[in-house]
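Model the placement of chains B, C and D with the ligands on the given structure of chain A, informed by the hints.
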Amino acid sequence: MSRTLTYREALREGLDEELARDPNVVIMGEEVAQYNGAYKVTEGLWKKWGDKRIVDTPISEAGFIGMGIGASMLGVRPVMELMFWSFHSVAFDQLVNNAACVRYMSGGLINCPIVMRGPANGGTNVGATHSHIPEGLFAAFPGLKVCAPATPADAKGLIKAAIRDNDPVYFMENTRLYGMTGEVPDPTDGDFVIPLGVADLKREGKDVSIIGHGRSIIHALEAAETLKEKHGIDADVLDLRSIRPLDVEAILKSVMKTNRVVLVDESKGFGGVSAMVSHLIQDKAFDYLDAPIKRVTTMDAPAIYSQHIEDEQLPNPRRIVEKVLTLG
Amino acid sequence: MSRTLTYREALREGLDEELARDPNVVIMGEEVAQYNGAYKVTEGLWKKWGDKRIVDTPISEAGFIGMGIGASMLGVRPVMELMFWSFHSVAFDQLVNNAACVRYMSGGLINCPIVMRGPANGGTNVGATHSHIPEGLFAAFPGLKVCAPATPADAKGLIKAAIRDNDPVYFMENTRLYGMTGEVPDPTDGDFVIPLGVADLKREGKDVSIIGHGRSIIHALEAAETLKEKHGIDADVLDLRSIRPLDVEAILKSVMKTNRVVLVDESKGFGGVSAMVSHLIQDKAFDYLDAPIKRVTTMDAPAIYSQHIEDEQLPNPRRIVEKVLTLG
Amino acid sequence: MPSTAPEPYFRSAIMSSATADTPRLDFAGSPINKALSADQKIELFRNMVRIRRFEQTALKYYNGGKIGGFLHLYIGQESVAVGTLSLCGEHDHNITAYRCHGHALMSGMEMNPLMAELFGKATGCSKGKGGSMHFFAPDKNYWGGHGIVAGQTPLGLGLGYGLKYLGKEGCALCYLGDGAVNQGAFHESLNIAALFEIPVVYIIENNGYSMGTSQKRSSAYRGCLAQRAEAYDMDWDVIDGSDLYEVRAKAHIAMERARKEFKPSILEITTYRYYGHSVADANAKKYRSPEEIENYKTHFDPIRLWRKRLVEEGVATDEQLDAIDKEALADAVASVKFAEESPAPTIESIMDDVYWETDNGTPASKLGQHFFTD
Amino acid sequence: MPSTAPEPYFRSAIMSSATADTPRLDFAGSPINKALSADQKIELFRNMVRIRRFEQTALKYYNGGKIGGFLHLYIGQESVAVGTLSLCGEHDHNITAYRCHGHALMSGMEMNPLMAELFGKATGCSKGKGGSMHFFAPDKNYWGGHGIVAGQTPLGLGLGYGLKYLGKEGCALCYLGDGAVNQGAFHESLNIAALFEIPVVYIIENNGYSMGTSQKRSSAYRGCLAQRAEAYDMDWDVIDGSDLYEVRAKAHIAMERARKEFKPSILEITTYRYYGHSVADANAKKYRSPEEIENYKTHFDPIRLWRKRLVEEGVATDEQLDAIDKEALADAVASVKFAEESPAPTIESIMDDVYWETDNGTPASKLGQHFFTD
Ligand SMILES: Cc1ncc(C[n+]2csc(CCOP(=O)(O)OP(=O)(O)O)c2C)c(N)n1
Ligand SMILES: Cc1ncc(C[n+]2csc(CCOP(=O)(O)OP(=O)(O)O)c2C)c(N)n1
Ligand SMILES: [Mg+2]
Ligand SMILES: [Mg+2]
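Residue numbers (our numbering), protein chains in the order written: chain A, 1 to 328; chain B, 1 to 328; chain C, 1 to 374; chain D, 1 to 374.
Chain A with its partners taken away, still in its complex shape (with noise of 0.2 Å):
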């Protein structure tokens, strides 16, 4: 059985289940608590929980999750909320450092399980420092592992593997997708976990791969409709999710089918995701592309906001179908 979700909903559902399950969960960041979160993801779990497993803090990035960070290696298991991901800039130290490093430098003694989420994306007419994309960020760092769920059932499977990972996983959520709606299993059919380091191919096709992950597999899936209808052009549209672990083999699969293939990213063009996914589909599929790797990327410039053309900064199912055309 399942229901119909919010992506918000959906990944309430996997913190409060967590919550129950392990005592040692406890939830931290800024309005978490009594304001029911700034986006309303965490809603009404202050009132059920209440001020132990539901902490608001103050506005303190470095601070509150370089605490989180140490009361992680003495075995809590935060989950911090970055009320954007975008403030990681604030606390990057601990961020790249303290979780990313100390299991490193201390020759594996200790680790820290603990998850930072929040919303990562563009879009939202809030301008440059609101607007940062940090996915391939904070996947360069070794030590760190990444996801960015697109649709309800993966928000709430990721966040729950994310908090029972033992490694320091950073969720990447979306403002844009909050309200989305999608089926997600009952709870009474059993536990929902959806692992790390595994791809989901959202869309089946023969033409070309659309490779992407978060918001932009919307974009993919609404422009692999157009390419069909208008084009006769089947795409597979693969949902990467996880982007480290990363599942290679799923992107070779798709590739070595398709031959053809167009990265989404909502990064900048210098880097992101997709510069990687380029560089290892190339290295490892060479003899099977039929025409170079092109990719869908933000507009390389800082992020706009007027309302009125944001929207064609970043990528969109139009700037998908154009690209994919191009490929001949």
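Keep in mind that the hints were calculated from the coordinates and are not lab data.
Every residue, glycine too, gets a C-beta built ideally from N, C-alpha and C.
Covered by chain B, according to a simulated footprint, are these stretches of chain A (three or more residues, beta-carbon under 8 Å):
1. 87 to 94
2. 101 to 112
3. 120 to 130
4. 137 to 151
5. 261 to 272
6. 287 to 296
Leaving out everything else, chains B, C and D with the ligands in the frame of chain A:
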């Protein structure tokens, strides 16, 4: 005429000349003045230029770098030393938001003519937190420019260009290069400036393109000699010098000539400058490639301390030679 | 200052205990206020109502879907920007956070480009690239408008440093919220300000809340937030933001010390916001009681109090002030028309304003690839 | 504490004015010191000389090229780690910066794995992955060894938070230097510590310098650095680090308040380092006069003073203490042998210890590619 200078001396000469040229140039950072610089790049400058122009700061990277950015908006031209580029982690917000985005968010009303410089490398047995390689990280932010000289002459020429540039330039040096010597044109022969955005073919070959920047180039040149002597392979060694702006033309020219590419990058494998260059090459020179683009990157773990093997974690001539030989 | 500063008699965090009858000190007689002409006093009124009318108008169109993203209203806090910025001369600079409309207007920006910016239009002060949080006017010594909490505090330090470096006798005013005081960058800035003797005045606009979190839930402190200055051996004061005379009298002292003696300081100005954190804050009346909001509006509204004062002093009549108010509203309405009729930015314009060198087509901009859009 | 704390009578930053004759308070009579048995007092001596002998030996081999990277010596500061950590029970935890050898040894780590770590060997406490700045022993409640200045201060907060969360009655000791106090992360931690009532004691090891910068050139403060605690309404004290009794007496009070009342505090312990910032610091005698260094060594050396005390108290004879010293040196020398004979890490081992899941070969570790070496 030219003299033999160390990389450190060349940098210092460049700084000194710019201090003389423009009274608004000011050097700031931890221990840059009275201590003469942790790595002695600024040695003697405080004595020569005094308290106003050479400024010691507290250990407050977010504070003093933000201060430099604010002052640059008013027309001061600060050259900020990060004792290690690794310490970017505590100043990240200032580096990627305030410096990179304020021009954009103000619709072009404000500019930040500032240089951030310091060593950005592994290989000195100082462990994971002190050995980050952030060229790719920062190049991913539109609004920033990034360069990384490999030789004394490039160090001098590029630091002068960086200081004169009206955009923020992040200048990546290397402690393993500071003591290296090379020819640098004599100041009496005129102002020696190397513009950003121009790669330098450090060795001319025909069989394979080895492309990188910074210390990787020194390794690449050594590898190229071995390849020539032992394997009869004649390599182009292209020094990017500037990561953003990036001399894509020079890259393509080399690749179209050799049809084989090995990228060398001290970054970890996920991302880095090399993933981007790889993507660009396969995109723009797809039909010229006789083999997949290969990379030599730092082994994908946090930087190890042990002096016995850290150089094995990093790209080195042996690893480059081996990689080139895999191209068959 | 600390030793002679009067004890704060009203603080927004403990506002419920203050009433209209709480006795107030009178700062009208301080030199900087005595020096005000009638016209200047009226001008202060005009500036406050212009902010309020501009924002009320913006609110209407935000609710009508014409404005994107966030809209952090300054309504209720007008006396802070107006009082402090009224003291600025040609060498004084200012910078603030995302709640920046008041500072922008008081710095001398026109309503048209501001409203157009909110509407995301090419005629906006930031060409539609900044939005509500990012108004700038360097030509008016106004440096924004910054979205990352306390991220502007080192920049403000840099403005002060720059003034000193360039030999200009002025000071930098750097505003932040009561929640922003707990960001590390602010503390780093304070230490450097005191150590380097930077002419910067940090102004905490204490409206009692950071989003839904009251001051008591976000900060540990002795006495008040400004008192943290003592940690850096720095001066501080607390100011009742509902009284324009007090704001000016005390800020003037701090600014003069910055300009003449290179002494930085922290001023904490108690104030209140009438609306939610941003307009989208649906909880605004959950974490604050309606009574608390009403009490402030009724007894401490800075515009109402200033109006009363002007009338009592015989500086202006209610009719004159009404006319000014009307004019302000008319300007705001006109700015909407301007905004509505302005073109949206073009897609190509997304790529402008990233680099000075490319914008200016310099030789440097011709070398190498600057942009990497796929 | 602030109101009753005796005025600091000796501070390293103003050390030149203190001499051996400067009158000292006697903390021998405080309960926690009175409770010490003779053996325990001798043990404190042993712990201090073990640190010194270990480091002197390491220094020799660093100069001989056997140790890579940095080597930040603790010599001169031994009483701080020994005095404070001697107060720790099974639920007390500690964490420090890169100058971490003393804390590691005093937490109960053996010399062999520490020396092997310096030598970059696989038998090192961190398998050769951490080096001098990164000693760890979670089994001994010792959480390192951290290289980013003040980066450990939020972690220390987290240890205290974790203890409280897990219902353990203990406290966290978090050490930092006098230069580290100006990092934002420390201030954020202080506010949270006070606000959330976290059982953490921040210990500023004030050796007067951050690299070549004296306290006066890096920090603005009133009275002393610890006094910054007042900004957060937090307790603080200043301690003469050359007196082990004083360190223990005052730290005990702070730790008890943390454990029993969840009151965090800042202790500033004045001390001195005899060598450069790290061994590679060639300027060590440029920014500090040789007289200053000699004065400290002669009059304030904590080991010499403690030895004198033990002899005066009749707790031990010089001969007994010499024997302990010799033993410490012998251990250090033996640890070099151990380190020399140990194997270097293998190249393959570079890829271990990145992820718990891959190290433990869990099902999760089999899914997806975790590593991206080309
Ligand atoms: C570093 C960072 N963290 C969080 C936020 C989200 N945020 C924006 S404003 C705000 C509250 C700030 O409150 P305060 O400083 O009191 O200013 P006010 O809004 O009351 O003017 C928060 C949490 C942010 N913009 N930046
Ligand atoms: C964020 C950061 N900035 C700079 C450094 C370089 N650095 C290491 S130690 C140090 C001085 C610290 O002095 P202090 O805190 O007094 O500690 P001490 O060395 O005296 O024990 C500096 C500048 C660093 N490791 N991290
Ligand atoms: Mg507020
Ligand atoms: Mg020190």
